[in-house]
Amino acid sequence: MFQKTIAELIIDLQNKSISSVELTQAYLDRIQNIDQNYNSYITITPELALQQAKQADTRIAAGNADPLTGIPIAQKDIFCTNGVKTTCGSKMLDNFIAPYDATVIEKFNQAGAVTLGKTNMDEFAMGSSNETSFYGAVKNPWNVKTVPGGSSGGSAAAVAARLAPAATGTDTGGSIRQPAALCNLTGLKPTYGRVSRFGMIAFASSLDQAGPMAKTAEDAAIMMNTMAGFDPKDSTCSDQAVPDYTANLNNSLKGLKIGLPKEFFEKGMDENVAKVIEEAINTYKKAGAEIVDISLPNSGLSVPSYYVVAPAEASSNLSRFDGVRYGYRCENPVDLEDLYKRSRGEGFGEEVKRRIMIGTYALSVGFYDAYYLKAQKVRRLISDDFKKAFEQVDVIMGPTTPTTAFNIGEKSNDPVTMYLSDIYTIAVNLAGLPGMSIPAGFANNMPVGLQLIGNYFDESRLLNAAHQYQQITNWHKKTPAGEE
Amino acid sequence: MEWEVVIGLEIHAQLATKSKIFSGASTAYGAQPNTQACAIDLGLPGVLPVVNKEAVAMGAKFGLAIGANVSKHSIFDRKNYFYPDSPKGYQTSQLYYPIVETGHIDIELEDGKIKTVGITRAHLEEDAGKSLHENYNGMTGIDLNRAGTPLLEIVSEPDLRSAKEAVAYMKKIHSLVQYLEICDGNMQEGSFRCDANVSVRPKGQEEFGTRAEIKNINSFRFVERAINHEIERQIELIEDGGTVIQETRLYDSDKDETRSMRSKEEANDYRYFPCPDLLPIILDDEFLDSIKKTLPELPEAKKARFIKEYNLKSIDADILTSQKDLSIFYEAVIKCANGNAKICANWMLGEVNAALNKNELSIAESPISPEQLGGLIQRISDNTISGKIAKTVFEAMWNGEGSADEVIEKKGLKQVTDTGLIEKVIDEIMANNQGQVEQFRSGKEQVLGFFVGQTMKATQGKANPQQVNALLIKKLKG
Chain E
1 MFQKTIAELI IDLQNKSISS VELTQAYLDR IQNIDQNYNS YITITPELAL QQAKQADTRI
61 AAGNADPLTG IPIAQKDIFC TNGVKTTCGS KMLDNFIAPY DATVIEKFNQ AGAVTLGKTN
121 MDEFAMGSSN ETSFYGAVKN PWNVKTVPGG SSGGSAAAVA ARLAPAATGT DTGGSIRQPA
181 ALCNLTGLKP TYGRVSRFGM IAFASSLDQA GPMAKTAEDA AIMMNTMAGF DPKDSTCSDQ
241 AVPDYTANLN NSLKGLKIGL PKEFFEKGMD ENVAKVIEEA INTYKKAGAE IVDISLPNSG
301 LSVPSYYVVA PAEASSNLSR FDGVRYGYRC ENPVDLEDLY KRSRGEGFGE EVKRRIMIGT
361 YALSVGFYDA YYLKAQKVRR LISDDFKKAF EQVDVIMGPT TPTTAFNIGE KSNDPVTMYL
421 SDIYTIAVNL AGLPGMSIPA GFANNMPVGL QLIGNYFDES RLLNAAHQYQ QITNWHKKTP
481 AGEE
Chain L
485 MEWEVVIGLE IHAQLATKSK IFSGASTAYG AQPNTQACAI DLGLPGVLPV VNKEAVAMGA
545 KFGLAIGANV SKHSIFDRKN YFYPDSPKGY QTSQLYYPIV ETGHIDIELE DGKIKTVGIT
605 RAHLEEDAGK SLHENYNGMT GIDLNRAGTP LLEIVSEPDL RSAKEAVAYM KKIHSLVQYL
665 EICDGNMQEG SFRCDANVSV RPKGQEEFGT RAEIKNINSF RFVERAINHE IERQIELIED
725 GGTVIQETRL YDSDKDETRS MRSKEEANDY RYFPCPDLLP IILDDEFLDS IKKTLPELPE
785 AKKARFIKEY NLKSIDADIL TSQKDLSIFY EAVIKCANGN AKICANWMLG EVNAALNKNE
845 LSIAESPISP EQLGGLIQRI SDNTISGKIA KTVFEAMWNG EGSADEVIEK KGLKQVTDTG
905 LIEKVIDEIM ANNQGQVEQF RSGKEQVLGF FVGQTMKATQ GKANPQQVNA LLIKKLKG
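Line order of the protein sequences matches chains E and L. 1 is the number of the first residue of the first sequence in our numbering; add one for each residue after it. 485 is the number of the first residue of the second sequence in our numbering; add one for each residue after it.
Hints are all accurate, no fakes.
DSBU-like mimics (lysine-lysine), calculated; alpha carbons at most 30 Å apart, straight line:
1) L:Lys614 with E:Lys353
2) E:Lys374 with L:Lys563
3) E:Lys91 with L:Lys614
4) E:Lys341 with L:Lys699
5) E:Lys85 with L:Lys614
6) L:Lys739 with L:Lys699
7) L:Lys959 with L:Lys928
8) L:Lys777 with L:Lys656
9) E:Lys353 with L:Lys563
10) E:Lys233 with L:Lys614
Quick caveat, the hints were computed from the structure, so don't treat them as lab data. Quick caveat: nothing in here was measured; it's all calculated off a predicted structure.
Isolated chain L, as found in the complex:
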């Protein structure tokens, strides 16, 4: 039987506010447990929430950026459940009237086709704290630093048909929230994570299969693996005569498997109702217009501009605009290099990308600045150094040896363009390699490569390759 996969994602993006969604406590990551939890975050008796306007603005910004309907009247609800890291016994969220209503977003698939993915809603909510199970002699520690951190939960329609599509969608949203500067996108710290609803159905069947929800996946790689694993599990189960049950599953990245957390029967009745401590969020046109004005150039528009303005290939423009930081870095390099966007793109996608990957660094952590890289490209353009030498300079800059000019100067890497000097070297090589000279002259012109190599070697790569070529041909042909 042929199966069709149906996936919907719930992405949790931590909003980049300084303080929490309902209190003035800091949201900074990594503090000592419970040092960033005030009376409100601890859920002490009598405390009340006051909504962080910045979080509301960020939620609205997301909605406007995807052209969705931003609600002018959204309401916070309480989702009631008991858990030690949920200090009030409920999570304040938005069920009935979310801040962002239906919208959609386009993703580019591997074959270059564009797919539109529906977004059901995006709503504001508070994060929970953390339960710590290690080192407490069998007891559980509770850290409420994260409790009350603002989240935007972005819920997609069940429009995704493979793990790859799910990853493409997640990457798209990841890029977008960073462009909008509403989320730092840091997946290791949990600032951007998702739950995946996965089901399978026989191809052609209209009705959805029973879904399982895989909770809290915090990397693109894990999303793909967890979903693929879950698809396999469900198909195997059905083909063996079993049925999928509706349940929540957890992905274990160490074992690369999902396992059941709780079934539908064990699921909580969350008893949602409007939070009586908070007023509805009323947004007017003036406010929404002011947010609209802060919208930056978004990835798609930027990509189109890169293709047009810098004459890039679609795939290159796609990569360079996939992260806001990368696109900014790239344009800064162009500026410092005095033009030649194409060479700049090649360096970004080639050397820079490779070095970052090798060292597991993000562009923001690059030890080479746009000024340094731009300076290097300038020296290539003005023939001070060859492309090959440039790689040596790049490596030196990466290791912190200064600007391109400093490295070139210090290491004496300046290209030799003195015709007399190059001729002298060539003459010497020809004299020492009469056999090869004869070969060339009898028509075996491939030998040219040998002479080029020898000449470059003799000049430690510094001779201008074009000049070397021209002079060699002239001399060899006699």
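Looking at chain E on its own, in the form it has when it is part of the complex:
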């Protein structure tokens, strides 16, 4: 049962071979029994889940179910969930019970989905390994000595360890795609503005985007049908019509023009990862796709510009965590300054503080032009590169990550090396494009992700290309040893 996709569970629920309450209880029990091995959840919400499951069963019986009615989902702990502790992986919000639902949560609720709990994550989504969480590192189910990736590492580990059929993630510089790659999942970061950011605790507002993390492209498409759409509460949310993402999954790959940016294949990539990616591209070729060599000349500038823009926005976004109205407050502050300094000093972890410092510096008088404005200009160049590329090709492909999952502790004291693990994903966020990672094989016995990048609002084509690949390969069906 735990190997089943959402698409399969929908059929089971519809023909009543299982009830949502049974399914939900089974997942809750499984989480209870084995999540201590992975630490993928921060909060489990059994009461809420069973209540939602019960309502879902009523709705299914009444014949007015949505596709996701009764399907258990794990929610990244970045989404405010009414009445539920919402921590964003931080001590700062360890005592924060959200008084409202994020739009994403609201949409899943309306669809009748069941919330199993809130998944672990890097603190305030800042990290690529899930080691910065106040709630401890998450372990990769494929090898518990390694990281699951981040920041949506809890969501990735939960789905990989079959502790949820699917989960939500958010992606600011690769936080859906990189953990999906490291945990053998299908993850989609939609076009910036496709999914509402309302109620999603902000890291870098101009880059953050929520998306699905699932076993298959089809499941991701089903989730996108619920998640995507205009939200009047988010000014940056697009009002472009939402297609049925499942409608075009079966289009043929014949004639699909795939661009391979030479910069993604030049250096830095693990040899064995490179082989897997090469093989995956070959598979597309055999299926009738046309391969085009392209160039994204400014992509090398994406990491440095990202590490100006994202921390700059974060330094401002995280100012509200001041110990005044909610969240962590230091004990016995002697005055206002002491309250601020100690609440923030004690409430935030090292990586968050590092990024606040970088961002504050980048926005300071005398440095703003040299850093923030310059980075924004580079961002424009990176977008223009993609724009040109999409005049020639339909989809861009390459590796999601330069290596497979690294060991816990391996990079945690070397932030720059850690930042480079997002080297292939970051440019996509800077340009605001949709990007996916899909299971493409194994290197060193660990999963490798193939990245698919699409044009603006072209998620359907990405999902189609991913789904077709999953019709002719079985990598996405592989399960970590012991969790089959």
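Given the structure of chain E, go ahead and fit chain L onto it with the hints provided.
Frame of chain E, contents of chain L only:
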């Protein structure tokens, strides 16, 4: 040494929208603390702002009204600083691309000269909450009801040269925003307040002196006093060999002094950058034209019309158009009085103005309606009552005793125009005052006043004064 004063004002006008600039919470004044602060105003994790279109329209309206350049592409920036009443740790404002770019406005000085004051910019921003320091056992209470209230900050060039000019400019803007119905102008409630940048320099010197900024002044009187006090302080300081330092000062109206809040060294680096949660405000010609169509007749145009149409003196027209409500009231009175704009103006500037001042009321709070006042003026015009009796009627109306006609009727104040009756009274008075009659007849014509007084007294002021005069002269001259 002779000193020249240089002043620039930053006026904060609270825009009269029903809801806040980035949330749907109400902007109404005076609610219980934190009852008008929603998740967005509280700066909860995850919330996002959505701009209030009405606030944008009001900002554009101001720009169009002063003939300034209204930007078709303005951008909200974040001004980052920590303070307990700033719930997000930043204020959303407009630094680099404000909605209103350079413009200017004319003010009339005391000597009647017109001075043009440059307006650097006007931009949209959100107000902060309030820190309450009383009654919390040494702790501070935070009320976020005001957080997110839309403000238009109107920044002048350093063109003002005295406290009086600053007040004239502030009054002009105060009047304008009320005409435009974009701000209620209520200064007690803080809907209209200003910061004053003040410096002095030796007369003839081109370079500006170092300025001090006096924060949050909320009355015309305080603006004048605070600026004058600051000018004195700076001149004294320099003449004693000191130097003015750039700093923010606070005006204490109780002690009538300014004192230092923070110096330039302690000033925040606000780390402005474009707010990534909001899109640029894009305005097109169609939108601006639609706003232009809603522009009312503005004070200057109205003043010119009053002078021409009602034959008023410039100074009278100026006062009557200084507040929109007053000008509307005045024109309503004219209508109810069936004409005679001049008499109406005299009543407005005389009795009405005096009574309002005495009772510290605004025209909107006047207990007498334009209909009542117009009715009274009608009764003067048609000789039902004399001007003197009219004051009695006015007082009665002010005290809520009804319309002019009701008061006249009830108190029997109708003017006596019956010649026979007046003659009878005069005859009696003349009979009782033979000495004065003799005096008059021997050429001491001033005695007439005595007889007029006696006659009016005998008729309780109700006799028609013109008739009394004419009859007396006729009879006295024998």
